[in-house]
Amino acid sequence: MSARAWYQPVRRVTAGGPEIPGNRFKMKRNRKTINRAALLLAAGALSVTSVCAKGGGASGTASTGRELPETANGLIPPSTPLVACDPYFSIWSPGDKLNGVETTHWTGKKNQLTSVIKIDGKAYRVIGARPESAEPLEQKSLTVLPTRTIYTFEGGGVALDLTFTTPALPGDIDLLSRPVTYLTYDFKSTDSKEHEVSVFFGASADVTVNTPDQAVTWKDESAAGLTVVSAGSKDQQVLQKAGDDQRIDWGYFYIAAPDTATTAVSFAKPEALGEAFAAKGLDNAKGATGAAPHAADAGLGIELKAVKVGAAPVSTWLMVAYDDLYSIQYNHKNLRPYWRRTGWEAKDLLGASAKQYAAIKEHCEAFDKELMADLTAAGGEKYAKISALAYRQCFAAGKFVADEKGQPISFCKENHSNGCIATSDVFYPMAPQFLLFGSTVAKSFVTPFMNYAKSDRWKFPFAPHDLGTYPHANGQVYGGGERTEENQMPVEESGNMLIMLAALARVEGNADYSARYWPQITKWAEYLKEKGLDPENQLSTDDFAGHLAHNANLSIKAILALGAYSQLAAMTGHPQDAARYRQTAQEFAKKWVELAIDGDHYKLAFDKPGTWSQKYNLVWDKLLGLNLFPKEIASREIA
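With my numbering, letter number 79 in the sequence shown gets 79, and the count goes up by one each step, no holes.
Errors might be hidden in some of the hints.
Heads up, simulated DMTMM-like pairs for lysine to aspartate or glutamate below, C-alpha to C-alpha not over 25 Å straight-line [as the list claims (entries may be wrong)]:
| hint | residue 1 | residue 2 |
| --- | --- | --- |
| 1 | K333 | E221 |
| 2 | K140 | E196 |
| 3 | K355 | E365 |
| 4 | K140 | D161 |
| 5 | K405 | E486 |
| 6 | K110 | D220 |
| 7 | K109 | D172 |
| 8 | K241 | D297 |
| 9 | K355 | E221 |
Read the hints as simulated data drawn from the structure, not as lab findings.
All figures in this text were calculated on a predicted structure; none of them were measured in a lab.
Please build the complete structure, drawing on both the sequences and the hints.
Right, here's the structure in full:
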């Protein structure tokens, strides 16, 4: 199936300039098709469930030396997103203070970013724990938003707002797919005096390798009004490795800034570059190229021109980017990142991103403001803050590539699990976030999965679990893979897909997309009718509980999936199937209450009295308007 049949582009962004007029990132309201208030709540809640279930982040409490929020609605993330573009270009700060710890890849391995500023000649550290000779500028606050992370600092008579902007704007897949993050330094005087301020930013070449002992190369690639430095692995093993605790070792990392705002570029360890900047400024290595046998010994950096800072805010900026050349191997074919589909090279990516900086910045601010307001109205201030973190992690967990026709498909990665790619029970809990903005992003995840399930390779009566091990989407590897039914997740994955397909149909107002896969969908519904009410011993999204038989929450999913299939059948001209499966779902829901009730709550598993679990799958009863379960179930569980 051609993706062109379902892809609904909002608009395109070209290299010719900032073609982003007006505020066109308004969220689709979906008032007539899906319960938007419930969708807003589910977008954060289910995404957080996915993060927890798949071990997506570090945790910290006061007992481990972490700070506690100053207010009841405050939030100090266990790890803070800085560069959150995709599973490989994903750099976080794992401490309370940006200038108190070294930055890392999401796996915890070092991906060192360093930034030092000078105020009237005195050096202050703002990113990273080194160089130690530079005093850390006092961090005053931290705010994480859907597309931005904002740190505020103060000292030396100057206030600094340091903003990391990753334009994860779902209304524009061109922008959403760009592996670019902007760093904006906004300064103003706090003592009514004028100050001279300059900025250094650098990164270790370990951003470009899997292990720090791998060899790297670097060079100055400045051209066309941009100062650009780059680094990459020497061997360029494109898409050769796959796995979980794995970092990219192909493609090239870039730091870029406008020529007019740049003083010098240089290459050395980031802390050494920071020391040099603090002492006398960088020695300009314009036009330089080089290599190092170990990435840990190499780095690259840019010094921005000094600016005069008074009472009025003064701003300077730069950007970081990663060109991975090829992103995903799907059915044994190497696919380009989506932003490269028309022949763009790194220079085009950087040039367009620089020209559009002001417009993108404006729209990210508008998008964040609107989404945070809606999330706050739906669930409160703390809920909105947690949801913003979930938003960042969900988009950073996937990669958008172009299929053979140049249309967008995307692949998510399981983290701290087994590294599976395009796992149904990973993009299922992320689905409400994508559906909130229309169907295109959600379909980009579903389409490669459904095409695989439709192929002759998948011979089972239930839905697959995955398409391989990231970044190789060449066929299921989990459990028995394509060979046997051993250790599969049949109820989980079949339920996930039927529910998501029904949600897509409600958002679009038709089930044309599902009709393309009707034999597969019907087969999954038949399987759930036989196996779903009282599931056999198997894993579910609650994999923190391990394999479990008679799982009450998994049973809810199966029952709702049968109701979802009933809706799809009605929308695709199968009224008898719609009535029959609706009746089955209603009967199963009544039986579920009898099997699960345990005094004032409902059991984790039907045969385990005295247990409890969060029945989060119930959210789809409201989202899809199924109304299969009594409302008191949810209220009793919450109480």
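Now for the hints, and whether the structure bears them out:
For a cut-off of 25 Å, the pair hint linking K333 to E221 is broken: about 30 Å separates their Cα positions. A distance of roughly 21 Å separates the Cα atoms of K140 and E196; the hinted pair therefore holds under the 25 Å criterion. Proposed proximity of K355 and E365 is supported: the alpha carbons are some 17 Å apart, at most 25 Å. With a C-alpha separation of about 10 Å, the suggested pair K140 and D161 falls inside the 25 Å cut-off, and the hint holds.
At most 25 Å may separate the alpha-carbon atoms for a hinted pair to count; K405 and E486 exceed this at roughly 36 Å. In summary, the hint linking K110 to D220 is supported, as the alpha carbons are separated by about 23 Å, within the 25 Å threshold. A threshold of 25 Å between alpha carbons decides the hint, and for K109 with D172 the separation of about 32 Å lies outside it, so the pair is violated. At most 25 Å may separate the alpha-carbon atoms for a hinted pair to count; K241 and D297 meet this at roughly 23 Å.
Note on K355 and E221: the hinted pairing holds, with a Cα-Cα distance of about 18 Å set against a maximum of 25 Å.
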